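Chains as they are written, first to last, in our numbering: chain P, 251 to 496; chain D, 261 to 742.
Keep in mind the hints are simulated off the structure, nothing from the lab.
On a predicted model such as this, the values are computed, not experimentally measured, just so you know.
Each residue gets a CB set at the ideal place from its N, CA and C atoms; glycine is no exception.
None of the hints are false.
So the derived label-pair ranges between C-beta atoms look like this:
#1 458/D / 398/P: 55 to 61 Å
#2 262/P / 331/D: 39 to 45 Å
#3 338/P / 667/D: 25 to 31 Å
#4 302/P / 290/D: 57 to 63 Å
Under 8 Å between C-beta atoms, here's a sample of chain P residues computed to sit facing chain D:
#5 323
#6 332
#7 338
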Amino acid sequence: MLEIKNLHAGVDGKEILKGINLSVATGELHAIMGRNGSGKSTLANIITGRDNYEVMAGSVTYNGIDLLELSPEDRALSGIFMSFQYPVVIPGVNNTYFLRAALNAKLKHNGIKEINAADFMRLIREKLKLVDMDEKYLRRAVNDGFSGGEKKRNEILQMLTLEPQLSILDETDSGLDIDALKIVAEGVNNFRNSDRAFLAITHYQRLLEYMQPDFIHVLIDGKIVKSGDKSLAIELEEKGYSWLES
Amino acid sequence: MSKNQQILDQAIGQEYEYGFTTDIEQETIPPGLNEDVIRLISSKKDEPEWMLEWRLKAYKQWLKMDEPDWSKLNYSNIDFQAISYYSAPKPKEKLKSLDEVDPKLLDTYNKLGIPLEEQKMLANVAVDAVFDSVSVATTFKEELGKAGVIFCSFSEAVKNHPNVIKKYLGSVVPTTDNYFAALNSAVFSDGSFVFIPKGVRCPMELSTYFRINAANTGQFERTLIVAEEGSHVSYLEGCTAPMRDENQLHAAVVELVAHKDAEIKYSTVQNWYPGDPKTGKGGIYNFVTKRGICLEANSKISWTQVETGSALTWKYPSCILKGDNSVGEFYSVALSNNFQQADTGTKMIHLGKNTRSTIISKGISAGKGQNTYRGSVKIMKGAENARNYSQCDSILIGNECGAHTFPYIDVRNPSAQMEHEASTSRIGEDQLFYCNQRGISTEDAVSMIVNGFCKRVFNELPMEFAVEAQKLMEVSLEGAVG
Chain P
251 MLEIKNLHAG VDGKEILKGI NLSVATGELH AIMGRNGSGK STLANIITGR
301 DNYEVMAGSV TYNGIDLLEL SPEDRALSGI FMSFQYPVVI PGVNNTYFLR
351 AALNAKLKHN GIKEINAADF MRLIREKLKL VDMDEKYLRR AVNDGFSGGE
401 KKRNEILQML TLEPQLSILD ETDSGLDIDA LKIVAEGVNN FRNSDRAFLA
451 ITHYQRLLEY MQPDFIHVLI DGKIVKSGDK SLAIELEEKG YSWLES
Chain D
261 MSKNQQILDQ AIGQEYEYGF TTDIEQETIP PGLNEDVIRL ISSKKDEPEW
311 MLEWRLKAYK QWLKMDEPDW SKLNYSNIDF QAISYYSAPK PKEKLKSLDE
361 VDPKLLDTYN KLGIPLEEQK MLANVAVDAV FDSVSVATTF KEELGKAGVI
411 FCSFSEAVKN HPNVIKKYLG SVVPTTDNYF AALNSAVFSD GSFVFIPKGV
461 RCPMELSTYF RINAANTGQF ERTLIVAEEG SHVSYLEGCT APMRDENQLH
511 AAVVELVAHK DAEIKYSTVQ NWYPGDPKTG KGGIYNFVTK RGICLEANSK
561 ISWTQVETGS ALTWKYPSCI LKGDNSVGEF YSVALSNNFQ QADTGTKMIH
611 LGKNTRSTII SKGISAGKGQ NTYRGSVKIM KGAENARNYS QCDSILIGNE
661 CGAHTFPYID VRNPSAQMEH EASTSRIGED QLFYCNQRGI STEDAVSMIV
711 NGFCKRVFNE LPMEFAVEAQ KLMEVSLEGA VG
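In isolation and in its complexed conformation, chain D is listed as follows:
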C-alpha cells in the first residue's frame, strides 16, 4: 500500500515522463503519399522486387477504399498527405553487436527503461528494439538461433527468409481487409518476424519496444509470427511514445499463424501518449489490425492486452479457429481517462469442430473517457460443438465518462454453446467511504478496486508485464476521482 502511495505521489501532477525527443539526426522523407514514396521506402530498405510489387498492389487497393466511419470514435480528419512515411536514424552498416549502435540511441532506450545490457544479463529476454521505422540491435540472436528460433526485424526477414514471408504475409490479414491494413501493407516500415520451428518451445519471452519520434511520422509496424507444428512462443509488446502536439497515426498489422498443436501467446501493454489531460489535444491514434489463425488442429492463440494510452484506440485482436479443437482467447483491460476514446474488442470466428473461445473484456472509463467494447462471435455452419464464453465488464469512475457495448453473436450451427455475461458498475461513493473508514485513502481505494476488477486479465500476463501493468493502471488513473 505504501508503495502505491509513493508511486501515486510521484505521478500526481507529473508530466508524461516519456515526453522527450532524442535529437539525433533523423532521415525523414517529406510528407505525402504516392507511388514514388513507396518506391523510395522499398529501395531504402533494399527490398527485393516482389516486396515492392506487393506494396504497390496494396497501395492501388487502398486508393479505392474509403476510411471506415462506423466506430464510436470522434476524431478530426486525418490528412494522409500530411504524414511523413519514413523516418530512420542515419543509415549504417548492418550491426553485429551493441557496440556498433549509435550511443545516443542506446541512451534513448535507457531512458525508456529498456537498457539492453541489463535485459541481456538479468531478464534473459531478447529485445528487438525498433526505433521509429528501422530495427536496430537484435540481441540474443545466437541463443535463439541454437533453438532454431528466428527472431529478427521484418525487414531482415524479407531478405533472409523470403519464402516464409511470401507464404504467410497477408494470409491472415489480406491487404483489402480494411482501410488501415491496406495502408499499412503499402507503407509498412518495419516490425518483428518470429518463426518457431517444429516442436520447439521458445526458450524465452520475446519482446519488442516501439517509439515514434519525429512529428507526424506514421508508425506502420508489420509483425508476423509463425509457429510450426507443436511449437510454443510467448511474445510481449510494450510501447512508449513522446509528447507531441500533432496527432500521430499508428496503423500496425500483426499476423499470427499457429500450426497443429502449436501455441502463440501475444501480450501487449500499451502506454502511448494519451493526449493532454486538460485539452485532449495530441496523443496517438492507435488503429491496429491484429489477427491470428489457428490453422490446424489443437492449436491455440491467446491475446492479452492492457491499453492505457493513446488518444484513440481502435483494434480488435481476433482469432480464426479453423483447426479442429482449436482455442482462441482474448483478455483485455482498456482504460479511457480524461479525453481518451477506445473502440476495441475482438472477433472469434469458429470454423473447425470442437473449437473454444474465451473473451474477457474489462473496460474502465474515467474523466470524460469513452470506452466501447465491440465483439463478434461467429459460429459458422461446419463448426460442430463450438463453445464460447464472453464476459464483458465496465466500470465507470465519475459522472462524465461513458461505456458502450456492442456484442455481435452470429450462430449458424445449432450445436453451439454460447455464454455471455456483462456488467456495468460504478466505483460507488459508498465503496470508497468504506475504504476511507478503514483508514485507506481514496487513491489507494480506487487502485485496489480497479486492480481487483482487472485481476482476471492481469493474471494472464507474463510476470514482468503484470507488475508494469498494475503500476500503469495506478498512474493512468491519477486524478480520476475527486
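This is chain P alone, in the form it adopts within the complex:
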C-alpha cells in the first residue's frame, strides 16, 4: 500500500530523513521507534503533506500513485489519516459539525451521498462507545477544553468515523495514563483488518504491548538502522537505543 524509496526530506532547508526505505502492505501494523529528533514526526508530516516540509530525493507511492503530487486534503480523501501528536484546538467550530464535514468530504469524494445530521448522530454514538467517550464531547468545539487524553481519544474517534485505509498514529500514547492507553489501543485493534494498514510512531514499548505490531523499525538520525518483529521492542526496552547508534 505504502512504498517509501530512498526518501531524503527535511524542514526549513535542513535534511532530517536521510534515505528511508519502507514498505507497508495492507493488513500490517508497522511501528516506528526512535529518540526525539530522529525524524519520526518528519516522516509523518511528509506522508501527510504538511507545508514547509520538503522532499529532497526519493519517492512515496500510495496504492501505486505518487503521493507527493497530491495536496494534503487529497491525500486524506484517498484514505490517509493521521492521529496528531498535538491535536490543535479549533475554537468556535463544533466537534460534531467538524466530523460530519470531514465524513461528507470523504463520501462526496467517493461519489456517495452525504450523510444527514440524524444518521450521523446515530453513527457517532456508536463510535463514541468504542473510545469510551461521553456525548458531551460532541457539544464542544474541536478539542476545546479537552485534556491531553481526551484529545487523543478524539483523534481515534475521528479515525473510527472516517475509516481510513492508512492510519498514522503519531505518538498517540504520549500523555496517556494506562487506562486511556488501553482504550486507545483497543479502539485501534478493533479497527484493524486485512484491508487497512497502520504506522504507529512511538517512543515507548508499552503501546506496542497492546497493539502487537507486525514490524518494528528503529529510526536513528534519519535512517532506519534496524527492522524486526515485535520482539525487537522488548530488546529496545531492555537496552535502549544506544546499542544501535554505533
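Position chain D relative to chain P; hints supplied.
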C-alpha cells in the same frame, strides 16, 4: 460543505457582481455645497419652511467645524465641493402602487436581489426601497397601517408627521455632534421613518435597501425610529452599491428612541463596494453616526452589524442608557480584506440605575486590511449598579493585516461591575493543516473557522439575514488565504 464550495468557486475571481449602473435618467445637481444647494434640495422635496431652517442652521454649524482626524483611517482628503448633493430619478407623482414605478427601477431592484413582488408574497417583509436620494414604492403600508405602525420615507414623514419629526429629530444625534452628522443634517436626502405606537409589536421585520448610483453622489440618509411605550420593532438594513472609480461618501445618521418598556432591534448587513482588491482604489467611504436612546425605564436597544464592504468604515452605533433598568447591546462582525480599513465600535453611556450593556465585537483582518475596534463605556455618577460586559476578539488571516483595539472605560460610580475580555488570534497554519488532513479544503476550513468565530454575532441576526451574512463572509474572504 459542498454548497460553500459552490459559492466560493463562483466567487473566486468574480467581479463584484453588483458593479453596474442603471441607465435611467437621473436628475443630478452639479457638484458643490452652499446655501443655494440646500434650498434647492429642500424645495425639490417640497419641504416645509421649518425643515429648511433646520438644515440651514446645521449647515452654518458645519462650516465652523473641522473634519476629525483622530481615527486610524488613512484616506485622501475629501473635496466636499466636488460632490453632488442631490440625485434622483425623474420626479413623478406620488406613487400609489408598484405598477406606477418606473420599470427600469424595478429591474434594478430585481438585479439587486430584492424583487418587491416576491418579498410581498413570501417573506412578508415591508420594503421601503430607497433609490439614491429618493424613496420609491413603499409596500405593505396598509398592513402596517392596520397595526398603527408608520413606516415611510423620511421625506414623507416630514410632510405627514411633522410633529413627531420636530419632537425627535436631532434629539439623539444633535447637529453639532460631529462633522459628518452636521453635514448630514444640512443635506440629508432621504431615509426611513418608523413609528410604533404604544403597546404595538410590529407585525413584521422592517427593512430598507440602499444604492448609490451616480458618480460622486454623497448618500446622506437620515433615519428615525421611535418606539412608544411597550412597543417592539425589528429593523433590518442591507446595502449594495455599484463599482466606481471615484470614492463615494456615505454619511448617514440614524436615531433610535425607545420609550418605557419598548424594544428596538436594529440589524445591518453591509456590503458596499470595498474598493479594487488589487489597488485599493475606489470603494465607499462609510462614515455613519448611529445612536439610540433608552429614554425611559426598562427599554432596550440592540445593534447588530455585519460589515464586510466599504473601503473605509467609520461608525460607532451607540446607546444612551437613560432609563432605569435599560439595556443596550452591540454585536458586530467587521471584516477588512485587501485594502479595506475599518475604525468601528460602540459607545455605551450609562445614566440610569441598574442599566446593563453588552458589547461583542468580532474583527477579522485579512489581506492588507486594517481593523480597529474603538469602544467607550461610560458609567456616570448617578448610574447605580451598572453592569457592562465587553468582549472584543480579533482574528488575523495572513501576515500583512492589522488589528487594533482602543477600549475606553470611564467609571464614575463605585457600584459598577465591568467585565472586559479581549483576544487576538491567527488562523494558524496548524489549524488549517488539521482540517486539510481530515479532507477539508483550506477555503472550507477558513469559512468554518471564521463562521465559528462570528457565530455569537450571527445568532443575533434575524434568520434571513443570518444566512446572507454567512454567504457574505465566505465571498468576502475569497483569496484571503494562500
